[in-house]
Amino acid sequence: MTSMRKRVVLVGAAALVLAGVGIGYSLYAVARSGDRVHAAGDVVPATDHGLYVRDSEGSVVLQDGGGAPGRTGTGLECNRFYAAGDTAVCVSVEGSLKPTTKVEVLDADLTPTETFTYSGVPTRARVSPSGRMVAWTVFVTGDNYAGTNFSTRTGIYDRDTGRIVDSLEGIPLYIDGERVHRVDVNYWGVTFAEDDDTFFATVSTAGTTYLVEGDVSEWSATALRENVECPSLSPDGTRIVFKKRVNDSVDDPWRLYVLDLATMQETPLAEDRNVDDQAAWIDDDTVAYGVDGGVWSVSADGAGQPELIAEDASSPAMVHD
236 MTSMRKRVVL VGAAALVLAG VGIGYSLYAV ARSGDRVHAA GDVVPATDHG
286 LYVRDSEGSV VLQDGGGAPG RTGTGLECNR FYAAGDTAVC VSVEGSLKPT
336 TKVEVLDADL TPTETFTYSG VPTRARVSPS GRMVAWTVFV TGDNYAGTNF
386 STRTGIYDRD TGRIVDSLEG IPLYIDGERV HRVDVNYWGV TFAEDDDTFF
436 ATVSTAGTTY LVEGDVSEWS ATALRENVEC PSLSPDGTRI VFKKRVNDSV
486 DDPWRLYVLD LATMQETPLA EDRNVDDQAA WIDDDTVAYG VDGGVWSVSA
536 DGAGQPELIA EDASSPAMVH D
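When we follow my numbering, the leftmost residue of the sequence shown carries the number 236, and every step to the right adds one.
Hints in this document: simulated from the structure, not taken from any laboratory.
Mixed in with the good hints, there may be bad ones.
In the EDC-like style, the derived pairs of lysine to aspartate or glutamate whose C-alpha atoms are separated by at most 20 angstroms in a straight line are [what the hints assert, rightly or not]: (1) K479 <-> D527; (2) K337 <-> D401; (3) K479 <-> D536; (4) K479 <-> E448.
These figures come from a predicted structure and were not determined experimentally.
Model the full assembly from the supplied sequences, consistent with the hints where possible.
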């Protein structure tokens, strides 16, 4: 990153009580992802259409139709991967006792153009439909308040301007029309609209999680609804798939729902397992997500049954022509 690029560091003293708000992600499982190997096959660019997944060995592959034999390697090893437009992001972890997250922004040929490093463990990654905006979330330690040392940091990078926000914690937040000034404000799970200006994310404060709608140009975020985590905006921009806390269980707290942004009506999806993931849209009618060691898809209207579409895989990203 050149010295001419603007660097916006908006770091507050916010943290997240994991047991209270329920991200439920295993730090040690990610940190111990271990020695991984590249997938076999020709390397493909992120602009090739199809379903990208992270296989069980940590390699990002393009799946050509339904199973491991139809996979082509990208040459990338990532804990989280996402691609859209002419951009991809590979978020990986280095070290274990004191893990560091490496965020690589990649062009259409999967060549790194920018690399950022942060303390902590990667958990989420997204790219806007045009490929301009990139976001990531990491778990960090050291925010020693509210009885926990765990918290998150969510960053955003604008490929066009070079602007980077290392943490969203400083963005002005409005809940019920009032500006909120609290030390425990914490964001994760960004998803972008087509205009590259509007984004949605989860925010936690005072023990409650909210869906927020953010505005990059106005630099503000407004809470829309409680109990919405890890949102993902549909290709047509009308709905959000998200994980909803349905009980206080440690092992089985979340279910997938779709929220209609016009009516604010929720629809439970036909997936009765606990899904701790930021689901991705295959198209306007179908969502994909990682659960039980594979990537599954299900109809976004609540009908049908889940279908296994990628064995031994996670982190789905559908790239269209």
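Okay, the hints, checked on the actual structure:
With a C-alpha separation of about 18 angstroms, the suggested pair K479 and D527 falls inside the 20 angstroms cut-off, and the hint holds. Restraint check for K337 and D401: the C-alpha separation of about 13 angstroms stays at or below 20 angstroms, so the hint holds. Between K479 and D536, the direct Cα distance comes to roughly 16 angstroms. Compliance with the 20 angstroms bound is thereby established for this hinted pair. A threshold of 20 angstroms between alpha carbons decides the hint, and for K479 with E448 the separation of about 17 angstroms falls inside it, so the pair holds.
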